[in-house]
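Novice: Bring the two chains, given one by one in their own frames, into a single complex with the hints.
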Amino acid sequence: MVEIQNEKLRIAFWRIDYAGALVDAGINSTIRGLITELVKSGHKVFHISGSRAKLPNEVESFHIPFSKIFRNFPEVFSFPYQFKSVSLGKRIIKNLEPINFIYQVIHDFNFSGAVVRKNLGIPLFLQADGIQVWVKQNWGKLYFKSLLRWAEEIQWSFADKIFTFSSQLREQLKSYGVPETKIVINPCGFNPEVFHPNIDCKEIINQLNIANKFVVGFSGTFGYYHGISFLAKSIKMVAKAIPNVVFLFVGDGSYRAQLDEIIKQDNVEKFTIITGFVPFEDVPKYLSCCDVLVSPCINNDDGTEFFNSPLKNFEYMGLRKPIIATAVGQQKEIFKHRWSALLVEERNPEAIAEAIIELYNNPDLSATIAINAFNEGISKHTWRHRAENLLNSYFELINSKI
Amino acid sequence: MNIVMNLLFLVNGNSSNIFKAHNLNPEVFEIVKIDEKVLAKPRSILEYTRKKFESIYFGCISIDFQRFIPFMLIYILLSKCKKGGVIDEDGKKVRFSIPKTLFFTIPMLIFEFIASIFIVIFSYVYYFVWWKFKTKN
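Listed in order, the protein sequences are those of chains A and D.
What the first sequence shows, in my numbering, is residues 1 to 402, in sequence order.
What the second sequence shows, in my numbering, is residues 1001 to 1137, in sequence order.
Pulled out of the complex, with its shape left as it was, chain D reads as follows (with noise of 0.2 Å):
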């Protein structure tokens, strides 16, 4: 019989404790030990998505403090299953939905990117009036 892969990214985090969060079948994945510089690299990550996998998933330690998850969903739509997530070992899980990543996590990202240059704008000010006149004390 030919079993139908899943493939796991794992950011950070124990791929055991994340499986069992999840009930999970890990005989049933393909795992990858990615470190989170990788996500900068498109080309390394849709290398791997290539593959036919019944779904993609990322996992780290925790949801709610892991970074650049709209970048990890936006991977998910550009491969050939688009199907998967991100899963962490609390049990939570950020499910893949290509109307979602369309309609809200790219227009979001969209957004943060133009706000960052306001605030990066207003930071070089701030900070240089701190630097300049208020650090001789």
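One chain only, chain A, in its complex shape (with noise of 0.2 Å):
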């Protein structure tokens, strides 16, 4: 068992979901933390996908682009790629053999894993990060359901693991008819070299001119379970209070729109500022700016729980600073309340802004439950242990069949 553990593996990360140019946030961030960590080690990984990448200078780079003349009509885009990345995802892959195993992020219409599971016998790693069908019925448009669903089960029936970020998500792959022995949970992590409580951040509180003034921090890609429109409401009770407070968001995405109205109603402009998507090397910056950050993700409409998990507490509990999170999810499985951040009840801006005051009020339990944080976060979620993780779940995937 030691010995094979200590063999340097090959490994092929594949992804099929269109980023297009983005290279930042979601996703990216966690692949790249994962490969990141793996190429630490001595890992060789090759990355193969449609869209552009930023990934340590080892690895090497495989691109299968996505069709430029289908790309125009929604989801159909996915069915020529699924021909393609088949075509050409099996035969880079025959090309780099031996590979120890492909890990893949499921993605729409798209079961190109499972045909080379089949084909070259490597064994697969699939990343779920949501039932596709049901993401596209409650967070956007479902057309071709048969599709989505054949694929996706196509894939699960194939893969070796399935890795899923909660345990909330694993309830919802085991209800989908997810066998339980494949689904390994791995949430995302943090990287202490990127995230870490020595920042330099003078730069960034000039250029924002923020100098002297209390800075409540926000990060991610304005999805809709991220809950922003409930912090952005939160910013007049708080305003009343601490006259010199700043909320800073950092990021964006679709929820963009309903933010700016919310700020614009409550007329609440000079208390914020929105910087837009920041490259990832910036983002620690920014939120060692912060006096308290926040992460007010909600549970989802349809009833069931909130079953993300946020890159951005990891990335927090890293920068050693005093947190403020909804109590849903793998959020309150992850911090203990007034132990290692303050949970608030979801949906409430009142609780969000009440919360922000107390930690204002009083810095010894901001210090506190900064430092309980960041000793958890150094301990149990850093980059290194899901990677460590993902390699357990290999060998002991090699050390059955043996």
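Just so you know, these hints were derived from the structure itself, not from any lab.
Everything hinted at is true.
Derived DEER-like restraints, expressed as beta-carbon distance ranges:
id	chain 1	residue 1	chain 2	residue 2	range
1	D	F1128	A	K54	32 to 40 Å
2	D	G1091	A	N361	46 to 54 Å
3	D	E1054	A	F73	25 to 33 Å
4	D	M1108	A	S146	25 to 33 Å
5	A	E180	D	K1051	54 to 62 Å
6	A	T275	D	D1090	15 to 23 Å
7	A	G177	D	L1046	39 to 47 Å
8	D	K1051	A	N375	51 to 59 Å
9	A	E97	D	I1098	47 to 55 Å
Covered stretches of chain A, as calculated for chain D (at least 3 residues, CB under 8 Å):
id	stretch
10	15-22
11	59-72
12	149-157
Quick reminder that beta carbons are idealized off the backbone N, C-alpha and C, glycines included.
Specialist: In structure tokens form, the structure reads like this:
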């Protein structure tokens, strides 16, 4: 076992989603976090993708471009990519052999990983960030339901392991028929060399003109479940109690318009800064300027529990900042109320405002929860821990076959 | 002096990088941040374009990776100014022209639509066969 575990592996990370030109945020950061740790440990990583990527230099990259013709009708562009990724992906992976395992993030209508698993016999590890049918039904528009369901079920059927971010997502996968034995929980993490407490952020403070301000921060892609509208609604209340407060939103996304609308309606423009997308390497500098960091995520509208694993929570931990998080899903599992964060009721701007004001008035409590969260983060939630979890699953799989 | 404004629909990316890459003066631009999904709502887009602009641009990070460019060009065609294009942070540009949009972009979009019907039908058969007969490993 020990001998096997010292083996340096050759791993193919294969992305089939359309990230376009975006190289930061969301899945990009997750994949980069895992790959960076694997490369650091001396494993050889290959990256196959149809989009741009920002990865360590040691990673050898292969590009399977999306069609230039079929890219204008929703969903349809995924079908030619299924066929293209099977034919090119198989060829690339065959040329790279020996490959120990393929790691693929499940994406709409694509089961290329399963086809290659069947043809080449290389173990397939999937990352499932949600049930695609559920995601489309609840957060988007669902077209070609049968095709979407079939593709996903084919992937599940051929996968040797399915990595998912949270216990809530594991339950959802089980309810859709995924065998429990295949599921491994592997949440997001952070890189302590990038997110640490000693970041010099003077330049950003001057640039944003926030010296002597009490800065409340948020970072993310402004998605539905991030709950930023509730944080935005708390600005008015906080500003009454803390006149020198500034809310710093680091990011951008589909709910930006809603955020702008609330800020305008509540007339709190002078208390708010929205940076837009900033390069990943600059995010720590922005967040280091903050006195409090907030993760206002919400449960789903259909009554199911919040099932994501917000990257921001772990990055906040690494920065040793006091954290306010809503008591939903994984957030209430990783944080302990008044020990490593202030947990507040979801969808409740008053609760968020009260927590911010409490931390402003109680620097001792702020310092205590920040230190506890930092220690917890360093000891349990770095990308190194996640990469080890991934490798352990591989070695378990190999040992079970010996 | 009355400055004639230009309009930039910022689909994604950073407006300053886009202006810099194309040597454009940000001061003569009105910027409207839109989500890609808004491109599927003609009313919202055309609402903005009713105002008289000298030119209308759609800005993005990279044209090579940008979807829905033909729709952007059609919106410019339907606007009052009929001048502009799609520009990105790398300095690349898809220039709008009425003949090109009428005789190339729109026919290509119709071709894509018809071909898509065949792809969807073929996919139904292919996916079903895999799902029904090949998944019992």
